[in-house]
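**Q** These are the residues of each chain, in order.
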Amino acid sequence: MRYRYHLNLAGLLYLAVTLLVGFAATVRPNNLLVWIFGLLLGLIVISGLISGGALFRISMRRLDPMNGRVDRPLVVRYAIQGGSRFIPLFDVRIREVPCANVEFADWTSFAAEASAWVLHAGPGETVHAEAVFVPRRRGRMRFDRLEARSSFPFGLIGKSVTIGKELETLIFPRTCRIREGAIEKLLGGGIGGGRSGPGTGSIGEYAGLREYRPGDSVRSVAWKRFRPDHSPVVIQRAMPSPPRLILILDLRRPTAQLRLIEGSNHREREEEAISFVASIAETSIRLGVEVGLRIAGTSMPDLPMRGGRRHLDRLQAHLAAVELDSERLDRETVIPSPNVASVVVIHVDRVDPGLGNHGAWHLLPANLVEFAERPMEVRDSAAQSRESGGSDSDDAGAAA
Amino acid sequence: MTPLFRYRRYLRIEVLLAVTAYAVALQTFELMFILGAAALASGYVSDGPRGRYLPMWATTILAAILFGWSIFSFLENPDPASTMALVGRLGCCLAVLRLFGRRSAREDRQVILLAVVAVVGACLYSFQFLFGFLVVVFSLHTVQVIMLNRLQSGLEDARADRRGLTADLPVPPVEGASGRSPITQFRALVVGCTVVACVLATGVFLIFPRKIDAGGASLGSRTGFTPEVDLTRNDQLEQSNREVFTVEWADPQGVPIQWPQPLRLRGAVLDRWNEADRRWMTSAGRRYLRTVTTSGDPDVFVSLGAAEIGRGLYTQTVTMRSLATSRVFARWAPLAIACDQPRTFTIEPADLELEDTITGELDRFTTYRLLVDPNPSPEVIQSIAGDAIPPVRPPIFKVPGVREEAERILAENAPSLLEPLVDADEEGQWRRNRQIAETFTNYLRGDDFRYTLDLRRFVQRRGVDPIYAFLTEYRFGHCEYFASGLAGLCQSLGIECRVVTGFVAVEYDDSIGRYIVRESNAHAWVEVRTGRWSWREFDPTSSEILEALQAGRRSWADDWRWLYDRADFLWTSRFVTFDGTTQATLADRFGEFVGSGGRGAFEDAKSMARKVNQYFQLGPAGYIWLGVVALAVSLAVIAIVAEVRRRRRIREVLHAGKDVPLRRIREAAFYLDLLKAFEAAGCAKPGSTPPLMHLEKVLRVRPDVAEAARPLVELFYEVRFGNRRLDATARRSVAESVLRLRAIAEGGL
Numbered sequence: 122m123r124y125r126y127h128l129n130l131a132g133l134l135y136l137a138v139t140l141l142v143g144f145a146a147t148v149r150p151n152n153l154l155v156w157i158f159g160l161l162l163g164l165i166v167i168s169g170l171i172s173g174g175a176l177f178r179i180s181m182r183r184l185d186p187m188n189g190r191v192d193r194p195l196v197v198r199y200a201i202q203g204g205s206r207f208i209p210l211f212d213v214r215i216r217e218v219p220c221a222n223v224e225f226a227d228w229t230s231f232a233a234e235a236s237a238w239v240l241h242a243g244p245g246e247t248v249h250a251e252a253v254f255v256p257r258r259r260g261r262m263r264f265d266r267l268e269a270r271s272s273f274p275f276g277l278i279g280k281s282v283t284i285g286k287e288l289e290t291l292i293f294p295r296t297c298r299i300r301e302g303a304i305e306k307l308l309g310g311g312i313g314g315g316r317s318g319p320g321t322g323s324i325g326e327y328a329g330l331r332e333y334r335p336g337d338s339v340r341s342v343a344w345k346r347f348r349p350d351h352s353p354v355v356i357q358r359a360m361p362s363p364p365r366l367i368l369i370l371d372l373r374r375p376t377a378q379l380r381l382i383e384g385s386n387h388r389e390r391e392e393e394a395i396s397f398v399a400s401i402a403e404t405s406i407r408l409g410v411e412v413g414l415r416i417a418g419t420s421m422p423d424l425p426m427r428g429g430r431r432h433l434d435r436l437q438a439h440l441a442a443v444e445l446d447s448e449r450l451d452r453e454t455v456i457p458s459p460n461v462a463s464v465v466v467i468h469v470d471r472v473d474p475g476l477g478n479h480g481a482w483h484l485l486p487a488n489l490v491e492f493a494e495r496p497m498e499v500r501d502s503a504a505q506s507r508e509s510g511g512s513d514s515d516d517a518g519a520a521a
Numbered sequence: 219m220t221p222l223f224r225y226r227r228y229l230r231i232e233v234l235l236a237v238t239a240y241a242v243a244l245q246t247f248e249l250m251f252i253l254g255a256a257a258l259a260s261g262y263v264s265d266g267p268r269g270r271y272l273p274m275w276a277t278t279i280l281a282a283i284l285f286g287w288s289i290f291s292f293l294e295n296p297d298p299a300s301t302m303a304l305v306g307r308l309g310c311c312l313a314v315l316r317l318f319g320r321r322s323a324r325e326d327r328q329v330i331l332l333a334v335v336a337v338v339g340a341c342l343y344s345f346q347f348l349f350g351f352l353v354v355v356f357s358l359h360t361v362q363v364i365m366l367n368r369l370q371s372g373l374e375d376a377r378a379d380r381r382g383l384t385a386d387l388p389v390p391p392v393e394g395a396s397g398r399s400p401i402t403q404f405r406a407l408v409v410g411c412t413v414v415a416c417v418l419a420t421g422v423f424l425i426f427p428r429k430i431d432a433g434g435a436s437l438g439s440r441t442g443f444t445p446e447v448d449l450t451r452n453d454q455l456e457q458s459n460r461e462v463f464t465v466e467w468a469d470p471q472g473v474p475i476q477w478p479q480p481l482r483l484r485g486a487v488l489d490r491w492n493e494a495d496r497r498w499m500t501s502a503g504r505r506y507l508r509t510v511t512t513s514g515d516p517d518v519f520v521s522l523g524a525a526e527i528g529r530g531l532y533t534q535t536v537t538m539r540s541l542a543t544s545r546v547f548a549r550w551a552p553l554a555i556a557c558d559q560p561r562t563f564t565i566e567p568a569d570l571e572l573e574d575t576i577t578g579e580l581d582r583f584t585t586y587r588l589l590v591d592p593n594p595s596p597e598v599i600q601s602i603a604g605d606a607i608p609p610v611r612p613p614i615f616k617v618p619g620v621r622e623e624a625e626r627i628l629a630e631n632a633p634s635l636l637e638p639l640v641d642a643d644e645e646g647q648w649r650r651n652r653q654i655a656e657t658f659t660n661y662l663r664g665d666d667f668r669y670t671l672d673l674r675r676f677v678q679r680r681g682v683d684p685i686y687a688f689l690t691e692y693r694f695g696h697c698e699y700f701a702s703g704l705a706g707l708c709q710s711l712g713i714e715c716r717v718v719t720g721f722v723a724v725e726y727d728d729s730i731g732r733y734i735v736r737e738s739n740a741h742a743w744v745e746v747r748t749g750r751w752s753w754r755e756f757d758p759t760s761s762e763i764l765e766a767l768q769a770g771r772r773s774w775a776d777d778w779r780w781l782y783d784r785a786d787f788l789w790t791s792r793f794v795t796f797d798g799t800t801q802a803t804l805a806d807r808f809g810e811f812v813g814s815g816g817r818g819a820f821e822d823a824k825s826m827a828r829k830v831n832q833y834f835q836l837g838p839a840g841y842i843w844l845g846v847v848a849l850a851v852s853l854a855v856i857a858i859v860a861e862v863r864r865r866r867r868i869r870e871v872l873h874a875g876k877d878v879p880l881r882r883i884r885e886a887a888f889y890l891d892l893l894k895a896f897e898a899a900g901c902a903k904p905g906s907t908p909p910l911m912h913l914e915k916v917l918r919v920r921p922d923v924a925e926a927a928r929p930l931v932e933l934f935y936e937v938r939f940g941n942r943r944l945d946a947t948a949r950r951s952v953a954e955s956v957l958r959l960r961a962i963a964e965g966g967l
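These protein sequences, in sequence, are chains C and A. Everything in the first sequence is counted per my numbering, starting at 122 for the first residue and increasing by one. Everything in the second sequence is counted per my numbering, starting at 219 for the first residue and increasing by one.
Isolated chain C, as found in the complex:
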């Protein structure tokens, strides 16, 4: 915990006014001016005492925001408790201090500075304040130290307290909503309907009859029907079996070796590819598709095909944790057969049919515009990111 005092411009001006009044009180024998001079001096002392006393032993805690998403507000909450027994806290700003260690990419490379504001916290009372960050990139966002600053009550002398509280949160890639039709096309058979599984469950729609096999439940026997040889038959029911999709992100080629037209931003293209994968995954899971993920070229484990919100979070966390600066591995990617799941391969620069089976879809980041439900938004955000990246070239990439 580190305490510091800050003298700001308002304080200097105030000091100048105080000295002027003191000078006037010395030159003109006016007791009223002397009293005002004393009051001005007194306010300086009080300003230091109150702002210092209120922040003394302050307790600050950052509540884990779990995760954020690119271009969406990330609300970081802080629990603040005043340490003074008598002086309440007023007008305290809580802000994140950039990491002193330059080796780490701290939150400053993700989002602009944001601060939380505490109007009031009584002595020993805990209040929750929130700061809103809007991350502009995907990855692991590291918070290092917290600073509480206040120049209450008069704004003359500021006091700040810095507390080290490290925290890492994942920023999911930017996603956009994909057209339902596009997902259906990727799945081939469409989303609707279930497939009849080999097992006999006790639930589900009626699918047909088959001969009794040892081990079948007695409850599944159709007592009113018999085979011609009077052997029993059982009712076969359709088990719900959602469509399956395997997403393969092709990151085998290092960023610098991407075969893009000159002037295009390689890293940005990779990010777009990741964002494309995340968008397909998000829309697919929302439509009830089970989605699996393979990231070729990295050491990250494969994610099995699952559905549901939790799996989507896991999948996006997986994509958020991709370190593009790490070494690319030439590891063989296990590709499932077409009858198990539809395969969609997202390449960064060029389509490589060698990755994936014969029925696989091969897509490039540029195809996102065709797939997006609102193509204009995608174009705008792409242009925006290119502007922020300093590149003005347009690289459409290859078509699928």
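It is worth saying that the hints were derived from the structure and are not from the lab. The beta carbon of each residue, even a glycine, is placed where N, CA and C say it ideally should be. Check the hints yourself; a few may be wrong.
[Stated by the list, open to error] Short, incomplete list of chain A residues facing chain C, as computed with Cβ under 10 Å: (1) 222; (2) 335; (3) 344; (4) 345; (5) 348; (6) 368; (7) 382; (8) 384; (9) 386; (10) 390; (11) 392; (12) 406.
[Unchecked claim] FRET-style restraints, in silico, Cβ to Cβ: (13) A:852 with C:207: 25 to 31 Å; (14) A:387 with C:300: 19 to 25 Å; (15) A:420 with C:138: 18 to 24 Å.
Position chain A relative to chain C; hints supplied.
**A** Below, chain A alone, put in the same frame as chain C:
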């Protein structure tokens, strides 16, 4: 609700206070009415529900016009002394103008700064009590407004941070994190800061280096007493009706009477005209100063030097109202003095000028009495003066042209007085001097001369003496000019005379049998030497003019001035006139107090008790009464503090918030005594255990206590949660039960 909910209103009050203080200091009430009304209107126009603001360009143009007006005013009268007044006026106008504009916390800070500039500027022009009161209120209010402004600034900064954010989803608005009862705690903090700031300001005020005998600044252009006659000022004097003191003039039998002539009370005596400084001064120095010390009893007179104080003397009793001065105002000729405090006075035997030495006292006297002989015999004056009165010698008055003017006046009005005296004895010479002075007095009272307080047309020119200019060119002015003219004419002809400043009492209040002396009664006249041991008053200013002036300025509010003037006296006595001497006295007393380990404080308490006793005129039994009253007040304070603490403790124990009415607290108060009984029994109840559960534990340790406490605990549940009401009888019964329980717990039963 946050502390900011009345921020705008407080800011408006801040500006109103600044405008009022400025107007009171500079006596520009038309400005107060215009700007005050505008500031109030801004509350509806700009800060009201419709929120109509002046556009930026209009604000800028109006500010430029105001600035130009101030520059023009300065160029019209380029007096450096009025610069801060113009700056203050500009500050007031701009602050009010700002109230009509769209503004953030930053602009609000500008409004506060402008208001502060206006008030600090006004401080240079006034030392009145009302202004001082307004300044103190303004200062304390400013503390609160600045604190509110900080909160507003923090809120606006947080909102600005959020406004700059763009995201795919809406960014949540700013919600200032706030704990419980922020308004109460904010107010408490404001009060704490204000008190501490006041204490520190008073500390600085006490130790600030000052000149010795500064006696407060003589600021402002207002009628009133000054111990000097300065003819360099040429502004317009405001007529002030402030009561400075009252005078009881009692005949030798002790009956208050009204004197047939205006009662001239001498304050300062000046006998030499300083041409370079253009003011009257005292030439003789203070070589013959004599000191007398009063006992503190207003009935015990101390002789000022007369061999014996005979009968047939008039008694002059002066009670100060607003004036705090070291000067003693006395009718000619004072022979003895008494004061309500033990004081040391100095007397100049040459001219019987009296002054308080103000050593060893923190404040000024409030009442003194004088034995006065209105027509003293030469022997009496001789006995007082002794060798102090210098031998007869012609005065030095070298203003060119005045002697010629004096001879011209005599040639026109009394040519015989110009002829040299042949074989005249000393008495003849004195008679001739008197005649010349009378001639000049009549001349100055003539139609050629006009009395006025407006001296703006009296242009002071380099090389032209103001007395000469008054006599020959302008022929208008106030009493100081008339007295200076008469003294100048007399001294130019070699006649010994002196200018006397003080008050002339003309307003007699029959209901109280006293003269009311106001600041507007401050006056200057001339004393001409008419004998070896006698001086005679000549007043070139007609007393009818003074009475007419005063009657014309009276208003109904003057009848209530005595109330205000009491406070004004305290303000002037304790604050305005606080100077190096008082500071040294205070330091000495503090040193004595520290050195004597509080014995001084005890003496002070005794002295105060004596004063209170004298005031109520209770005699020796008064001390007993005072002791009884002090004891009763102390007991009452202790009882109130104990009751407040007990109620707070009950609320804490019962977890009852402010919403629980006081009568319910009172009815459940026995629970606190019940807990104390448990504690006395050695089984204190933890805060987390319910009473009934605790009772079971007590049952295992002290079954006797538990059995006695059970009905009380059940009763507590009924009162606290079952809405059962206890009347006075029931409460008494419960109290007895608790007492019995306490006795059991302590092993008494």
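**Q** Which of the numbered hints are not met once you compare them with the structure shown?
**A** Number 5 only.
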